[in-house]
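Undergrad: If you want the building blocks of each chain, they are given just below.
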Amino acid sequence: MSVTEAPKIITARASFDDSHTMERFLATGGNDGLKKALAMTPAAVQAEVDTASLLGRGGAGFPAGRKWSMLRKADVSYLVINGDESEPATFKDHLLVERDAHQLVEGVTIAAYALQVNQAFIFLRGEFALGLERVQEAINDAYKAGALGANIFNSGFSLDIVVHPGAGAYICGEETALLEALEGKRGYPRIKPPFFPAAIGLYGEPTVVNNVETMSNLPWIMLNGGAAFAALGAGRSTGTRLFALSGHVRNPGVYELEMVKHTFRDLIFSAELGGGVPNGDVKAIIPGGVSAPWFYPEQLDVPLGQDEVAEQGSMLGSGSIVVMDTTTCMVRAAWRITKFFSRESCGQCTPCREGSGWLERVLWRLENGQGRIEDVDLLLDLCDNIAPGLSWPPQQTTICVLGPSIPSSIHSAISRFRDEFLAHITQGACPYA
Amino acid sequence: MSYFTESRQARAEQLIAVYPEARSALIPLCHLVQEQDGYLSEDGMVEVAKLCGITPAEVRGTASFYDMLHTEPVGKYLVGVCTNIACLLAGGLELLEHAEGSLGIRAGATTQDGLFTLEETECLADCDIAPCVQVNHRYVRTTTPEAFDGLVAELREGGRASEIPSHGTLVRTRRDLALAVNPDDIAKERAEHRAATENAS
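Going down the list, the sequences are from chains A and B. Residue numbering for the first sequence follows the numbering used here, starting at 1 and increasing by one per position. Residue numbering for the second sequence follows the numbering used here, starting at 1 and increasing by one per position.
Chain A with its partners taken away, still in its complex shape (with noise of 0.2 Å):
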């Protein structure tokens, strides 16, 4: 199979290495979208917007179109960039604030311009601290060539951007405790309802949180149109997406790629993409992040599309792929799995807090050989307790999707590999050791 022929659209630029420059910016249509949009109406940009079908690319993929239409009407409110990327396995933001930071100040004024927004924030992980040089830099520099500021090109429209360093906290990327940590505050969600911060956002102030990714999509929309980018991909999930492959394949890397028009076998084993699987077969695959069930070689014909990888009982959500080949223990990779969403609950609720850990020191001691026979089901009791019924999409005991997210990896690695797990019991090791 081939790549299709689609444009790249938001990585394009980065190809330069010199991408992350005001030069080569300026060199390669850059805010030309932004003086195309600044000519249109506000109201005129969002329909393209909506033309375009852009669905939100941090992980829950709303439409961004409707996110902004929710936007309350209020004589404040703001717009809030979400670049803490820290979904493990994730990381394609981190290659657009590195390589092409002005694409995305662009991108962020289109928005600020279509919801009348004077005041907008990007706020990024702390451990980016390149990328947050170069955000900045692209900021000053969209100052000085009057793209940003008051009266950006005499349009009338005034904005400004403020780079906000986050400062350690996975659960900051979930858009409520982002705004939190924005408040200067710890980073725990906030209690639903409101269900949306276009309503109470940004101190109580309604807000648009939009991803990076997103985002960076709008000075190709705009240039080309909301059409042109609906005529790629297929059904509801259009234009091009970044897909972050990594785990146990020759060429681990982010790709741009035409939605729905490749399959997870195309991207792990195109000679162009993934390069295939150096030792053995795949294992199990991660389809959307750690939050995201697994996949297994039977799935590996589903097109990489947000309703496709739904109706196999997945998410493509943040786009991350990580591929594990037979030489992996499903109980480790559970087990580090779980590690990380105990260390990284909040502590709000109980399910989550403790459950969290509890499950992480019973994967521990089975993968140390401690187990014991009936640790198996204990951990589905436990899944079962955050997560009732351990369906998909979950079932929700707790103020954010943190908690539910836990079970997924767990009740994939018993589900298919519960021979596995006994055997690290009644051999009394790891049998990959």
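Heads up, a few of these hints could be off.
Calculated from the model, a selection of chain B residues having no Cβ within reach of chain A, i.e. all distances over 12 Å [stated by the list, open to error]:
#  : residue
1  : 2
2  : 3
3  : 13
4  : 37
5  : 46
6  : 73
7  : 100
8  : 102
9  : 125
10 : 149
11 : 157
12 : 161
Below, computed lysine-lysine pairings styled on DSS-like, alpha-carbon distance capped at 30 Å [claimed, not checked]:
#  : chain 1 : residue 1 : chain 2 : residue 2
13 : A       : 73        : B       : 188
14 : A       : 73        : A       : 36
15 : A       : 144       : B       : 188
16 : B       : 76        : A       : 36
17 : A       : 36        : A       : 185
18 : A       : 35        : B       : 188
19 : B       : 50        : A       : 185
20 : A       : 144       : A       : 8
21 : A       : 35        : A       : 144
22 : A       : 36        : A       : 8
23 : B       : 76        : A       : 185
A few chain B positions that, by computed beta-carbon distances, are all more than 12 Å from chain A [what the hints assert, rightly or not]:
#  : residue
24 : 8
25 : 10
26 : 36
27 : 72
28 : 105
29 : 109
30 : 146
31 : 152
32 : 156
33 : 158
The set of hints was computed from the structure by calculation and includes no laboratory data. Only a predicted model underlies this, so the values are computations on that prediction, with no experimental measurement involved. Built from N, CA and C at the ideal position, the CB exists for glycine as well.
Based on these hints, arrange chain B on the given structure of chain A.
TA: Leaving out everything else, chain B in the frame of chain A:
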């Protein structure tokens, strides 16, 4: 005498000014304290509290939530080795073990000379070059034990100083101007506009 150096004092004041509410500057200000002291010192927290108009306890209570804010001194180089799933599959745990042996400390500890603090981290979003290692939050891309040891030796000799500043210095590019838009003006304009539309209808 002010706590911050002159240029950092100016930066601190700018940080307070770019947010609609002063407390929003709390985390950036904590980073600024770490830049000055190498960690989030007691004096620094008191200063942040003063600037934000809250109590030092509130600053500590917030900072303690975040992994990157260290209320105890750490080494000049904070070495983070990721062992999350993508790195685990690439030998992250083994690299962390090697790092422990190499530096002679367990993860979480600091070498006696105060040069290195070692941490086991969660995903750092650089999963195609695994296992991922960061020093002071800069990606160093040392995926093998040999490369790791080479880097440690280089840092001991004072190498890579321009690329990897001492712990605490996070963002060296500063915003070079104040806000261009006065949020109060915008709110006033909109209120007037709304009143005018309501009167017209």
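Undergrad: Evaluate each hint against the coordinates.
TA: Here is how each hint holds up against the structure:
1. 2: Residue 2 (chain B) is indeed farther than 12 Å from all Cβ atoms of chain A, at 21 Å.
2. 3: Since the minimum Cβ distance to chain A is about 18 Å, residue 3 (chain B) lies beyond 12 Å and the statement holds.
3. 13: Given that every Cβ of chain A is farther than 12 Å from that of residue 13 (chain B), nearest at about 15 Å, it holds.
4. 37: holds, 16 Å
5. 46: It holds; residue 46 (chain B) is separated from chain A by about 16 Å at its closest Cβ, greater than 12 Å.
6. 73: holds, 17 Å
7. 100: holds, 17 Å
8. 102: Check passes; 22 Å lies beyond 12 Å.
9. 125: violated, 4 Å
10. 149: holds, 23 Å
11. 157: Non-interface label stands for residue 157 (chain B): nearest chain A Cβ at 22 Å, farther than 12 Å.
12. 161: holds, 15 Å
13. A:73 <-> B:188: holds, 14 Å
14. A:73 <-> A:36: Between residue 73 (chain A) and residue 36 (chain A) the Cα gap is close to 25 Å, so the pair holds against 30 Å.
15. A:144 <-> B:188: This hinted pair holds, its Cα atoms lying about 27 Å apart.
16. B:76 <-> A:36: violated, 48 Å
17. A:36 <-> A:185: Outside the cut-off at roughly 39 Å; violated.
18. A:35 <-> B:188: holds, 27 Å
19. B:50 <-> A:185: With Cα atoms ~16 Å apart, residue 50 (chain B) and residue 185 (chain A) stay inside 30 Å; holds.
20. A:144 <-> A:8: holds, 28 Å
21. A:35 <-> A:144: holds, 16 Å
22. A:36 <-> A:8: Roughly 20 Å between the alpha carbons, so the hint for residue 36 (chain A) and residue 8 (chain A) holds.
23. B:76 <-> A:185: Since the Cα atoms of residue 76 (chain B) and residue 185 (chain A) sit roughly 27 Å apart, the hinted pair holds (cutoff 30 Å).
24. 8: Holds, because the least Cβ-Cβ distance between residue 8 (chain B) and chain A comes to about 15 Å, which exceeds 12 Å.
25. 10: holds, 16 Å
26. 36: Residue 36 (chain B) clear of chain A: closest Cβ-Cβ about 16 Å, beyond 12 Å.
27. 72: Correct as stated: the minimum Cβ-Cβ distance to chain A is 15 Å, above 12 Å.
28. 105: Given a closest Cβ separation of 20 Å, the condition holds.
29. 109: Check passes; 18 Å lies beyond 12 Å.
30. 146: holds, 21 Å
31. 152: holds, 19 Å
32. 156: Nearest chain A Cβ is 21 Å from residue 156 (chain B), so the label holds.
33. 158: holds, 20 Å
When the structure is compared with the earlier hints, violations turn up for hints 9, 16, 17 and for no others.
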